[in-house]
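Asker: Protein chains in written order, with this note's numbering: chain A, 77 to 327; chain B, 77 to 327; chain C, 77 to 327; chain D, 77 to 327; chain E, 77 to 327; chain F, 77 to 327.
Since the hints were made in silico from the structure, they are not lab data.
Treat the hints with caution; some may be incorrect.
Copies of the same chain look alike in the list, so a pair counts if it fits in one copy or across any two.
[Said to hold, decoys possible] With a straight-line Cα cutoff of 30 Å, these simulated BS3-like cross-link-like pairs (lysine-lysine) come out:
no.	residue 1	residue 2
1	K309	K236
2	K314	K139
3	K309	K139
4	K309	K299
Predicted, not measured: the structure shown is a model, and the values here were computed from it.
Number of protein chains: 6
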Amino acid sequence: MHIRIINPNTTASMTRVIEQAARALAGADTHISATQPEAGPVSIESHFDEAVSAVGVAEEVLKGEREGGIDAYIVACFGDPGLLAARELTRAPVIGIAEAGFHLATLISTRFSIVTTLGRTGIIAEHLLEQYGFRHHCRRIRAAEIPVLDLEHDPDAAFKRIVAECCRARDEDGIGAIVLGCGGMANLTEAISREVGLPVVEGVGAALKLAESLVGLGLQTSKHGDLDYPRPKPFTGKFAELSELRLPPGH
Amino acid sequence: MHIRIINPNTTASMTRVIEQAARALAGADTHISATQPEAGPVSIESHFDEAVSAVGVAEEVLKGEREGGIDAYIVACFGDPGLLAARELTRAPVIGIAEAGFHLATLISTRFSIVTTLGRTGIIAEHLLEQYGFRHHCRRIRAAEIPVLDLEHDPDAAFKRIVAECCRARDEDGIGAIVLGCGGMANLTEAISREVGLPVVEGVGAALKLAESLVGLGLQTSKHGDLDYPRPKPFTGKFAELSELRLPPGH
Amino acid sequence: MHIRIINPNTTASMTRVIEQAARALAGADTHISATQPEAGPVSIESHFDEAVSAVGVAEEVLKGEREGGIDAYIVACFGDPGLLAARELTRAPVIGIAEAGFHLATLISTRFSIVTTLGRTGIIAEHLLEQYGFRHHCRRIRAAEIPVLDLEHDPDAAFKRIVAECCRARDEDGIGAIVLGCGGMANLTEAISREVGLPVVEGVGAALKLAESLVGLGLQTSKHGDLDYPRPKPFTGKFAELSELRLPPGH
Amino acid sequence: MHIRIINPNTTASMTRVIEQAARALAGADTHISATQPEAGPVSIESHFDEAVSAVGVAEEVLKGEREGGIDAYIVACFGDPGLLAARELTRAPVIGIAEAGFHLATLISTRFSIVTTLGRTGIIAEHLLEQYGFRHHCRRIRAAEIPVLDLEHDPDAAFKRIVAECCRARDEDGIGAIVLGCGGMANLTEAISREVGLPVVEGVGAALKLAESLVGLGLQTSKHGDLDYPRPKPFTGKFAELSELRLPPGH
Amino acid sequence: MHIRIINPNTTASMTRVIEQAARALAGADTHISATQPEAGPVSIESHFDEAVSAVGVAEEVLKGEREGGIDAYIVACFGDPGLLAARELTRAPVIGIAEAGFHLATLISTRFSIVTTLGRTGIIAEHLLEQYGFRHHCRRIRAAEIPVLDLEHDPDAAFKRIVAECCRARDEDGIGAIVLGCGGMANLTEAISREVGLPVVEGVGAALKLAESLVGLGLQTSKHGDLDYPRPKPFTGKFAELSELRLPPGH
Amino acid sequence: MHIRIINPNTTASMTRVIEQAARALAGADTHISATQPEAGPVSIESHFDEAVSAVGVAEEVLKGEREGGIDAYIVACFGDPGLLAARELTRAPVIGIAEAGFHLATLISTRFSIVTTLGRTGIIAEHLLEQYGFRHHCRRIRAAEIPVLDLEHDPDAAFKRIVAECCRARDEDGIGAIVLGCGGMANLTEAISREVGLPVVEGVGAALKLAESLVGLGLQTSKHGDLDYPRPKPFTGKFAELSELRLPPGH
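Excised from the complex, chain A in its bound form (with noise of 0.2 Å):
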């Protein structure tokens, strides 16, 4: 089974980080490749910076098409960007490691919260609950105000900063569980919820195991009504390639 790791943003040393962590929990049976766009934003901050990403995405999920042998694509960015775009692309499930970390967290506990980077993007967290359906399951949106780059840069100071929101989150919001909001929190899960004591879902490996879930069932991406392949048709300028989607025989 090989699952392709999406990192939106083109920072390859968060790709890395992402592939280690989703490496560590794969399966046996599980091969992880992961990849970043080739054009777009270091880091995702932002509805613009989420609406360059998206692109990147889709044109990745495109690339893997056409490698081939690709059972499924987790899109490791928490705002989930191109995600209904991509499932167009394909019919290997893919996945979002938001999504991914709202369901898994609705399995362990009846409410939880969210402790993501920046303040700012928290719009984007709670238009995503509302469409996944999970407005109500979620307390509250919580940021550590934290550049996503700084996870690099600066990892002592943003630990810090994040397991004390999750300390507060712990305390004050009647929660059973916390959400990490950000792909590059991936290889601090462990040690953030030793040191917070409750069970933290990062969605990196959340959204592994799902994939690896649909893998397992035969599950596809539907091509029944909404998210069939997208018409075919011409684009222009840097956007050309595009063009030439090259779509499984039958369609």
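Keeping the supplied structure of chain A fixed, place chains B, C, D, E and F upon it in accordance with the hints.
Answerer: Same frame as chain A, now just chains B, C, D, E and F:
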């Protein structure tokens, strides 16, 4: 990894069907065992049946905890009877097959329909959709109007009616996937899916994979807050033995 | 008019408290009887306790139906355990004290808060509010953090803590009424209300009056659709006697 | 116990019908009186009619308060016109017949439909369902397309159309009960119910019983917060006499 | 283009304030006229005041229709009293200042708070948010606890309290904009906005622009379905003249 | 006042249609300019197309900001692609045509239906309705099943199918207005409206008027909180030039 499947009704032959279906889907390292309560209804087709079966589910979890070495439990009836009670009784994850089916269906489609056995149980599914957050992801709850045990007694007729209802769902509901609404359909998934040509999500397999996922990630039922072990207390009459919850040290 | 109150826990002294409170409020023509299950937990403070007590509630309804002449049933625990199961077993109306409290509170205020015993049961109330439609009418669920039986064992301390929490609700929540979240508080309503100076809605009285209302109007639990009598079937083990549902003629 | 029924339209013959229906259902100790506003529309079939009738309702409550000795008020039009305004003007409970019908219907069924007079008033019921929390309990709002006064002028034809619509609701909507959507149907409930074979909830009787319930429990409209007496102030023109709210001492 | 502003209270000086604020914002081709009902409360601070003022609003629309040449109406009280009734009485668009403020606030921010006059009217805003669909866009309803007419009588103190509450909203609520909750604040918007440093949306200006928008697009209140002209009928007493709705030809 | 319309697809002829439709509706003082991205899909009929077009929208806003003097932007595709990203990039208001259509439709009707091009894009509209708060105001999303560019290539057939679907909406959905679900229908509004006899709300005109409204009121996109300018950062590859966001002084 040892996963215990609890068939909440007392029909052992159905337990075997469910167990076989699960074994066929289990990971290489997963040991599956399956049980049913000693006491309870032979099938679950009403709130009343469900209420009685919930006690059986809890007792089977307690039995499993006394045995030890069980990493996760599955509650294999589409109403998820006793799910939150079961979660209180163990640190191991406990997954219901209705919730499992809903969660996975939303990962491969934007909207799904449910095809269940008897129309009168639709309200149970409806309440679960509300509680879990999937009210708007489910377009319609449909019933093939088959008593649960007819899945065993008259499997061909049952199969035809289920497929017919699934086809109506596919053609009329604007959906991308179907969730099968009975644990007793676990062995039919593949055949139904072939006939219908849509992703068909069956709860036992879905729950198995979610259980494997949580165990694989080291995520356990939260004991912080409202799913903590119940306060020990006397139970009377035929429930007297429930007084002796042996809680883990430190509780 | 004969109204049977079922105290879902097995503490007979609490049954007496509830019965007395109900008698003091009953109409001139209303005969009140009160029972508790032969088997079950001495108090209900968790999903687990509730699941077990639901069977007791159902059995008490069946016993009542065999006795005959009962016009309505009340389920006197704030989690409304077994409510829908009970409704399936009789044409008589069955009222839960949580739903009753919520319904009446919305008739005399626009928003209310709940003051219950233990914080861990808040999620039960939350799920009921969602199912019944009152999520937005309830501003906050508060707990006095009193074990249920302390209402009997240490009534003065319990009273003080409840009043203190009610006063906080009154001063902080922007509400017009308080719903008391435990059947065991039935005898305290008047005293609490005097201390707090707000309408305080207690579920036993509320359920009694709703039961009298339905009986007075000749309205019975609908047997059209999903609350119809359960299909008779074998039950095994300690539940074997449930196999012999004696349904009314024509069923 | 003195309950004052306010028919919000000015058709005295309809007031009599409502009064008679209520008397037939009232408790032994309940004195029923019924009035209609001196000024307003002869029937209520639009937002406009309803807005005008709301003033009449408020004025009738003020009149009742000046009379004294009234324990509860009922607003006997299915749009519950002026309900919250009326509640501000008195400590006595005030019950609307739409809310009353909805509340009781949810106690004897899991889902209900409404059968009302004119389709154009469906939106009024829809807004009330949203405000009261019963949006998901009501499967469908149906109209027999009968002008309100035809209930008096052509009762046989009206009865047939209502029964026909109720039967469609029973057969198509997946419901357990029907709520009748007009005070003028109060005398038809029993006959409709017989024809349809489902519990039929009529609002006047429902409101009467809820009013008796609240009075019996000593529960009054909360004067803490947003239903407190209005701040006295000048009213001009034909509403000038409303300037002289005689509030209870201490206000 | 002639837009008629209806101040639902009878305080002519407040009508002038509103009219001036509107004129300062009106398009070059927009003629503004402003009126208030002949009869009604001098300010609107309760459900009761609102119910009475709704009739005044309807009567002012009828007066406007008799005058002719009016292209749109604005209901300039934050509770939008009589809005749907007014819409039934004319083909011209009718805009409420609460809805207008909410609509525009969502176009320039993701979440807003409301700052209104008296806390007791918060429930009115809450009900409107629910009906209009903006429940989740509004983080919090805040009150400066100023009686409406104090905006005229003690404008400096009122201004300070409003600004203070707006600053609390800005600092605590996680919002991007504030909606002012009273027509009488129409002349303060700019000054408040300067003090607070956030976009401040005031309803009179918002409604004016929405009215100009609809007229500019040739969009009129739909007469298909539930906002059609009311069925003509007798009104009695002081509302007798409402019997003579002069509907447009063809109705 | 200079309003820039961004057609998110790259079909210049469609940009011209939209521009003309807007000019015909613009205020006397409004200067309209219209552009389309240099790179992107020729039409938008899937999540994938939409994700790519969102970058084009953002780039066009950045281009507009460099030009200067633009008072508001309109995103003229019914999925509102890139709307929140665009809002982050400018203080000028940015209006999507889907949101604009929804907002205005609720001001002239209580319930509306959408008639769009392809059924597969219905889910996009559904998600927007949820996010914007209009889920319950929209009765039904209908598709004429016309590829977007057929609006240009086979306008007569397209027109007939749209009108036919609008008539079905009018007759079956219980609505007061129709929202047209494609920017390419902007020149057809009047003709459709004539055929259907209902208010037909078209998004380009609606957005134009909302943009004029906000500019007229001096209301700008909030830079307090989550729509603030994005944090500047490196972008790589074909998006490298996005690294040089020239933010306004002080940022």
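Asker: A separate judgement is required for each hint: does it hold in the structure or not?
Answerer: Hints, verified against the model:
{"no.": "1", "hint": "K309 to K236", "verdict": "between (50 Å within a copy, 25 Å between copies)"}
{"no.": "2", "hint": "K314 to K139", "verdict": "both (16 Å within a copy, 16 Å between copies)"}
{"no.": "3", "hint": "K309 to K139", "verdict": "both (18 Å within a copy, 26 Å between copies)"}
{"no.": "4", "hint": "K309 to K299", "verdict": "within (18 Å within a copy, 37 Å between copies)"}
In this structure, every one of the numbered hints holds.
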